[in-house]
Structure formats: C-alpha cells, structure tokens
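Take the sequences, apply the hints, and build the full model.
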Amino acid sequence: MESGVDIEKLSVRIKEKVLLRGVSLHVKTGETHILMGPNGSGKTTLARAILGDKRYTVTDGKIEFNGADLLKLKPHERARLGIFVSFQEPVALQGVNTLSFLKTAYESVNSTKITTSEFKKIVGKYLEKVGLPESINERHVNEGFSGGEKKKFELLQLLLLKPKVAILDEIDTGLDLDAMKALSSTVNEMLPETGFLIITHSDRILKHIKPTLVNVMKDGSIIRSGGMELVEEIEKGGYKID
Amino acid sequence: MEKLEIQADRYDFKEDIDYKVRFPNGLSERVIKNLSDIKGEPNWMKEFRLNAYKFFSRRPMPNWIDGLDKLNLNDISYFALASDKKSTSWEDVPKKIKDTYDKLGIPEAEKRALGGVEAMFDSTVVYNNVREELKKEGIIFCDTDSAVKDYPELVKKYFGKVVSPNDNKFAALNSALWSGGSFIYVPKGVKVKLPLQAYFRINAANMGQFERTLIIADEGADVTYVEGCSATTYSKESLHAAVVEIIAMKGAHVKYITIQNWSSDVYNLVTKRAFAYENAYVEWIDANIGAKLTAKYPSVYMLEPGAKANILSIAFADKGQHQDAGAKAIHLAPATSSVIRSKSICLNGGRTTYRGLVKIPRGSKDSNTSVTCDALIFDDDSRTDTYPYMEISEESADVSHEASVGKIGEDQRLYMESRGIPENEGINMVVLGFVGEFIKELPMEFALEFNRLIKINMENAVG
Ligand SMILES: Nc1ncnc2c1ncn2[C@@H]1O[C@H](COP(=O)(O)OP(=O)(O)OP(=O)(O)O)[C@@H](O)[C@H]1O
Ligand SMILES: [Mg+2]
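Chains A and B, in that order, give the protein sequences. Note that the first sequence ends on residue 242 in my numbering; no numbers are left out. Note that the second sequence ends on residue 1463 in my numbering; no numbers are left out.
Please keep in mind that the hints were generated in silico from the structure rather than gathered at the bench. Check each hint, because a few of them may be wrong.
The calculated lysine-lysine pairs, modelled on BS3-like cross-linking and capped at a C-alpha distance of 27 angstroms, are [what the hints assert, rightly or not]:
{"no.": "1", "chain 1": "A", "residue 1": "K54", "chain 2": "A", "residue 2": "K129"}
{"no.": "2", "chain 1": "A", "residue 1": "K28", "chain 2": "A", "residue 2": "K9"}
{"no.": "3", "chain 1": "B", "residue 1": "K1255", "chain 2": "B", "residue 2": "K1365"}
{"no.": "4", "chain 1": "A", "residue 1": "K181", "chain 2": "A", "residue 2": "K150"}
{"no.": "5", "chain 1": "B", "residue 1": "K1319", "chain 2": "A", "residue 2": "K54"}
{"no.": "6", "chain 1": "A", "residue 1": "K113", "chain 2": "B", "residue 2": "K1455"}
{"no.": "7", "chain 1": "B", "residue 1": "K1136", "chain 2": "B", "residue 2": "K1188"}
{"no.": "8", "chain 1": "A", "residue 1": "K62", "chain 2": "A", "residue 2": "K164"}
{"no.": "9", "chain 1": "B", "residue 1": "K1319", "chain 2": "A", "residue 2": "K74"}
{"no.": "10", "chain 1": "B", "residue 1": "K1033", "chain 2": "B", "residue 2": "K1135"}
{"no.": "11", "chain 1": "B", "residue 1": "K1188", "chain 2": "B", "residue 2": "K1135"}
{"no.": "12", "chain 1": "A", "residue 1": "K113", "chain 2": "B", "residue 2": "K1149"}
{"no.": "13", "chain 1": "B", "residue 1": "K1169", "chain 2": "B", "residue 2": "K1191"}
{"no.": "14", "chain 1": "B", "residue 1": "K1149", "chain 2": "B", "residue 2": "K1039"}
{"no.": "15", "chain 1": "B", "residue 1": "K1136", "chain 2": "A", "residue 2": "K150"}
{"no.": "16", "chain 1": "B", "residue 1": "K1135", "chain 2": "B", "residue 2": "K1054"}
{"no.": "17", "chain 1": "A", "residue 1": "K74", "chain 2": "B", "residue 2": "K1407"}
{"no.": "18", "chain 1": "B", "residue 1": "K1157", "chain 2": "B", "residue 2": "K1308"}
{"no.": "19", "chain 1": "A", "residue 1": "K181", "chain 2": "A", "residue 2": "K9"}
{"no.": "20", "chain 1": "B", "residue 1": "K1455", "chain 2": "A", "residue 2": "K120"}
{"no.": "21", "chain 1": "B", "residue 1": "K1157", "chain 2": "B", "residue 2": "K1135"}
{"no.": "22", "chain 1": "A", "residue 1": "K15", "chain 2": "A", "residue 2": "K164"}
{"no.": "23", "chain 1": "B", "residue 1": "K1188", "chain 2": "B", "residue 2": "K1250"}
{"no.": "24", "chain 1": "B", "residue 1": "K1250", "chain 2": "B", "residue 2": "K1319"}
{"no.": "25", "chain 1": "B", "residue 1": "K1308", "chain 2": "B", "residue 2": "K1407"}
{"no.": "26", "chain 1": "A", "residue 1": "K54", "chain 2": "B", "residue 2": "K1407"}
{"no.": "27", "chain 1": "A", "residue 1": "K74", "chain 2": "A", "residue 2": "K181"}
{"no.": "28", "chain 1": "B", "residue 1": "K1440", "chain 2": "A", "residue 2": "K120"}
{"no.": "29", "chain 1": "B", "residue 1": "K1136", "chain 2": "B", "residue 2": "K1319"}
{"no.": "30", "chain 1": "B", "residue 1": "K1292", "chain 2": "B", "residue 2": "K1191"}
{"no.": "31", "chain 1": "A", "residue 1": "K15", "chain 2": "B", "residue 2": "K1407"}
{"no.": "32", "chain 1": "B", "residue 1": "K1455", "chain 2": "A", "residue 2": "K54"}
{"no.": "33", "chain 1": "A", "residue 1": "K74", "chain 2": "B", "residue 2": "K1455"}
{"no.": "34", "chain 1": "B", "residue 1": "K1161", "chain 2": "B", "residue 2": "K1149"}
{"no.": "35", "chain 1": "A", "residue 1": "K9", "chain 2": "A", "residue 2": "K62"}
{"no.": "36", "chain 1": "B", "residue 1": "K1149", "chain 2": "B", "residue 2": "K1033"}
Please read these numbers as outputs of a predicted model, since none were measured by experiment.
Below, the structure is given as structure tokens:
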C-alpha cells in the first residue's frame, strides 16, 4: 500500500471566518506537491490543519494518513506517525537549549533513547549540510536566530526527524544560494521515503526539484492544478489566473 | 485553551498522630507563658516572648499584601507537641512520624551521607543527627530550643539582633511563639564541606508554625544550609511565620537555600535577614513552589566595606496561589556589592509579584548592584507584577536593572508538539530552561529534588 496524507474536501474556519472551502490534496511518498497562492489565500491554514492546531476548526472533510484519521490525534501524535510541518515563522523557545530540544524531539519521534555524544554526531553531520555552525547547539531554540538561520534550523529538523510526509511552509524564503541548494538536495535525497507538500511564493526552489503537481490556492480553494507551465504562468502574470 | 493541572499527591497525605500537647486555638499572654513553661525556658527568653507579643498586639495587619485580610489569626492553634523527646537515631523516632518522613524520602537523603539532617515535625525537632566530624570541628548544629539551653551565651548575644521582635507584625508573632528551627554556629576559619540541611513539615490542621533559625558564621567560616519544606493539604488555612537570622562575620561565607513546597492552603510569611560584615558574602537562594500566599523578601544588610550579597528568588504560582517574593539589599558601607535575580512562573490564574528594595545611601562609595527580574506567564488568567524599589543617593554607585516578561503561548507549545514532543513535556522543558540557572547553583541532591518537584507540578498538565 502506498503511504501518504489524503486531504478530502477539507473546510476550516477560525472563529466565524471561513478559511478553507473543500480542499482536496493527496501527497504520497515519493511525490512533491507545490502549493502556491496569494497572501492570505489559506496555505498556512492548510498546514496548520494538518499539524493539528486547535485554533483552526475543521468543519467538514477529512485528513487521513495511511487510512488513519489524523483529525482524532494530537499534534505530537501526528508527528510521531511521521508528519512534519515546518513553521513559516519559527518561534523562539526562551531558555531551551537547542541540542536538548533536538534530542528530545528525536527520541520522541523515534521512541528511542540516545546518548548525547552519539546524538551530537548525527546532528553534526546535518549541521554541516544545512550550513549552521556547531555553536548553535549551545544556544536557545530560535532565540536571536537570523531569518535565514531559523529556516535552516527547520531544514535541520526535517533531516533529523525523517518524516514520511513533510509540509514545508515557505521554508525557502530568506535562504541564501547555498542553503537553497542544501534544501533541494535534501528534498531529492529524502524523496524515495518521503512525500512533500511545499508551500512557496517563488520558482527558485523548482530549479532542482521536479514537482509531481503544482496547485494554486485562492480564497481557501484550490483553483488550479497542473505542471510547471502553471508556475511559468504565475511568474508572468501573477495570480490573475482562473 | 486547556487548563494545566497540578498534581502534588506525593505530599498530600496525613498521619493520625496523637499530639501530646495541643493548645486551643487563639492567642493570649497565657498561651505564651504556658509555651515557655512547657519548654522549661530561662526567664530572659520568656520575657523576650512577652515583649514581642506586645509589639504584635499593637501592630496592625500589613495592608500592602493582597489576600492577608483572609487570614484569621484567632483560628489557628499556636503550638502542638508531637513527641516529647528528641531522638538522636532514626530508630528512636516514633513510627508514624517516621512513615511521614519515609514518604518524603528523608532517610534516603540521610543515607546519602549529607552533612547532618535535622527534621522538624510540627513544632518539635524529633530527629537530629549531626555527624561526628562536625562536632569535632566545633560546629554546632542543633534545634534552636536546645541551643537556648546548651549555648545560652551565644543565643543571648545574637538572638533577635538581626530581626528585632518589633520589625514587623509576623516577626513579632514569631518572636512571641517561636518553636524549633535550626541553630548553627561555625567557628573561626572552619569551612563546612557538606551542606547542612533540615526539613520542616506541618502536619496538624490549623497549625501555626513559627520556626526560628539562627546561623552564625564566625570570621572566615564557610557554610551552606539547605531547607526543604512540605505540608499536608488541609482545607483550613495554616500559618507559617518563620524568622531566619544570619550573621556573617569578617570574611565569612553563608549560603542559605530554601525549597518551599507548602501545600496550597498555607500562609507563608517569613522574615529572612542577614548581616554581612567586612568582606563577608551572603547568598540566599529561595524557591517558592507551594503555599497559598507567600510574602518573603530575603535581605542582606552590608554593614562593612567589601561585603557582598547574592539573592536568587524563584517563584512558581499555580491556580489560587500568590507568590509575593523578592529581595532586599541594603548597602551601608563603601565597596559593597549585590546581585539580585528573580525568576517567576505563573499559570492557571496564579499570581507572582516581585518586590525588591535596594538602598545605597550617600557615603557607601563605589558600591554596585544589579537587579534582574524575569517572569514567565502561561495564560491571560495569570498575573505578574514587578515593584523594584531603588533608593540610591550615592553618586558613585553602579546600578543596573533589567526586567523581562516572557510568554509561553500556544505557538511555543505547538512548535514543540509539531516536533513530536508532548505538550506537558514541552512545558517542562521551557520551565526547567527558565530556572536552569537556579538549578545549577543547588547541591546535586537538591537539584534533583527541585527538578522532580517541578515535574510533579507539571505532570498531568494536559489530559
Ligand atoms: N486568528 C485569525 N482571525 C482572523 N483571521 C485569521 C486568523 N488567522 C488567520 N486569519 C486569516 O486567514 C487567512 C488565511 O491565512 P493564511 O495564513 O492561511 O494565508 P497564507 O496563504 O499562508 O498567506 P501568506 O502567503 O501570506 O503566508 C488570512 O486572511 C488571515 O488573515
Ligand atoms: Mg502562510
């Protein structure tokens, strides 16, 4: 059986405001889905619904992972099943040491225990790949990180937690050229085992990644799906497409 | 948002003990005379008590602490005697009292060969085991009642000198009714390698506990004292009004560590003060996790040049709790220096207040002070306030002050959860990270204990 996330006719609101209207998307391992759309169209809302943010109310539809109802699970349980949702704006955790945060996440997702020295080796490898200095281990999570460093730190966690499905919310914004390369090579290396839903505003990331499907969201609905030609259309004429 | 719930079951048990003596509720001169007679005290102490009672009767209830008006001083029994003889070995301690301590894990702590363990059960010290080496070096570590009998000259000289019976209403109450507490004397130049420690426990309902601790570190002496507290939960309020006096002579170093974990119905009104003489160094590390209302501001009076103070205050306020804590640094000589750090956490409608006072009067040249207050607040129902009073009239003083309020909101929790970390574990990480600095300054045993308490308090955070 193919594994992946199935989103079926999903409707979401926050307070009284309807943000998603019957969105359907299927992300299988080995696939790369792109989600584009104007500001405020509901892309992050979709990511948050998959993550399980209680502030967003699912009014209709379903989200399943390998046939299991994700909507019944808490966010950390979803993460343990293999769902990874990166944050468009990663938050700082005052006083929380980066290395111990990563270790706790790693142990929690893999249901294992690992010694700090063993773990440091694993992290060291990935730090190098994403281009973060080793000294980040001693700092507090996202505290005082630059915009790009925060995104690199999200990428690091993607590598570390090896999810089955990854939803990357504008992980490419603010990344320098080298980091962009690290991002696309990460996606390509992980692809056989992972499915991706990449939310983005730019075609930069698509230089080295071959999308399975490009989706365009507007006012909480997916209005178009297609191939690279859709991206080119948007690059030329913006979102004035129907 | 879901409510976090605090679980403190481990401390929530009560032993049925036949109290040998238990006074009827309420306070009068007769109660005080009786108390002094039962203890077989010398006249000067009886006089001290009666004099203090006069101050107490005259002083109005302080009105600057919210919630004190709910305390009814006539509803409290002022003395209970659980065991009429003190034990020097664990075997001699009555079984029921032992069981209580077993549940608290005290014998284990003792087994681990700490400096000396003194346990106080209600008003009477029932267990006192000072290791032989301490005695050989001339160190005195006993309960304060015994000190009155065995070391009258020392007690007479220093008792009530740092905190006078007229200092404040609750210091007066303590001076009139005090019972138990620790007495420590460290001779000139002696450095006590292991921390001395005591556990206090309130067991009887509606029991006032007024322990009185006096620590004297002679010239060049060095001592660390650790105190941990817990009380059984009762619906009726208990009162804890302690007084702690420290004297650090020339070049001495005293470090006093408290982990206060009274149950959430206790009024905890404590006066803690130290006198630091030439080049002496006094450290207060004060963690308040329990109690309904705490009012506690450990202070250091730097009386001679070169004296130093370091005060670290930790407060944790859950539903129905108010931790009104802080510090005072009084610079009464040149070249004195103080560091005050406050860390407070409030959740589920809990309330923390930092109240501090730094005084550097004209003439205390080249003194410096640094005050940092950090608060962590979990939800909109909770509240934190800061009152960092500074009275600086010396121009050469170097003063720094920083304050921050951090909020661990939904986004932080969700971020950790999105990486597979359950909500309560994540909160734990944030809380431990926030107070990590404090943990590093605790002796190993107490660092573990503190970690554990925070974990217990954070367990079942979400269902
Ligand atoms: N708490 C809230 N109350 C009201 N409206 C909200 C709330 N949270 C989000 N919204 C609105 O929901 C809409 C969708 O937001 P969302 O973050 O999903 O957009 P997006 O497609 O990710 O945009 P961007 O490209 O700017 O990141 C926006 O109009 C936003 O203002
Ligand atoms: Mg967005």
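*Straight-line Cα separation of B:K1161 and B:K1149 no greater than 27 angstroms?*
Holds, at roughly 19 angstroms.
*Keeping to a limit of 27 angstroms between CA atoms, is the pair of A:K54 and A:K129 held or broken?*
Violated, at about 34 angstroms.
_Proposed proximity, B:K1407 with A:K54 (alpha carbon, max 27 angstroms)_ = Holds. A:K54 to B:K1407 sits at ~19 angstroms (cutoff 27 angstroms).
*Can the restraint linking B:K1188 and B:K1250 be considered satisfied, given a maximum Cα separation of 27 angstroms?*
10 angstroms, holds
*Does B:K1135 pair with B:K1054 here, judged by a C-alpha cut-off of 27 angstroms?*
38 angstroms, violated
*asked:* Just to be careful, I want the Cα atoms of A:K15 and B:K1407 compared with a cutoff of 27 angstroms; is the pair within it?
replied: Judged against 27 angstroms, a Cα distance of about 23 angstroms means the pair holds.
*asked:* So if I understand the rule, the pair passes when the alpha-carbon distance is 27 angstroms or less; does B:K1136 with B:K1188 pass?
replied: 14 angstroms, holds
*asked:* Given the hinted pair A:K113 and B:K1149, is their Cα-Cα distance within 27 angstroms?
replied: Violated. A:K113 to B:K1149 sits at ~56 angstroms, over the 27 angstroms cutoff.
*For the pair supplied as a hint, B:K1188 and B:K1135, confirm whether the alpha-carbon distance does not exceed 27 angstroms.*
With a Cα-Cα distance of about 14 angstroms, the restraint between B:K1188 and B:K1135 holds, given a limit of 27 angstroms.
*Under the criterion that the straight-line Cα-Cα distance not exceed 27 angstroms, is the pair B:K1292, B:K1191 satisfied?*
Violated: B:K1292 and B:K1191 sit about 37 angstroms apart, past 27 angstroms.
*Does the structure keep A:K28 and A:K9 at a Cα separation of 27 angstroms or less?*
The given pair, whose Cα atoms are some 17 angstroms apart, holds under the 27 angstroms limit.
_Holds or violated: B:K1136 to A:K150, with C-alpha atoms at most 27 angstroms apart_ = Outside the cut-off at roughly 59 angstroms; violated.
Violated hints, listed in ascending order, are 1, 10, 12, 13, 15, 16, 19, 22, 24, 25, 27, 29 and 30; each of the other numbered hints is respected by the structure.
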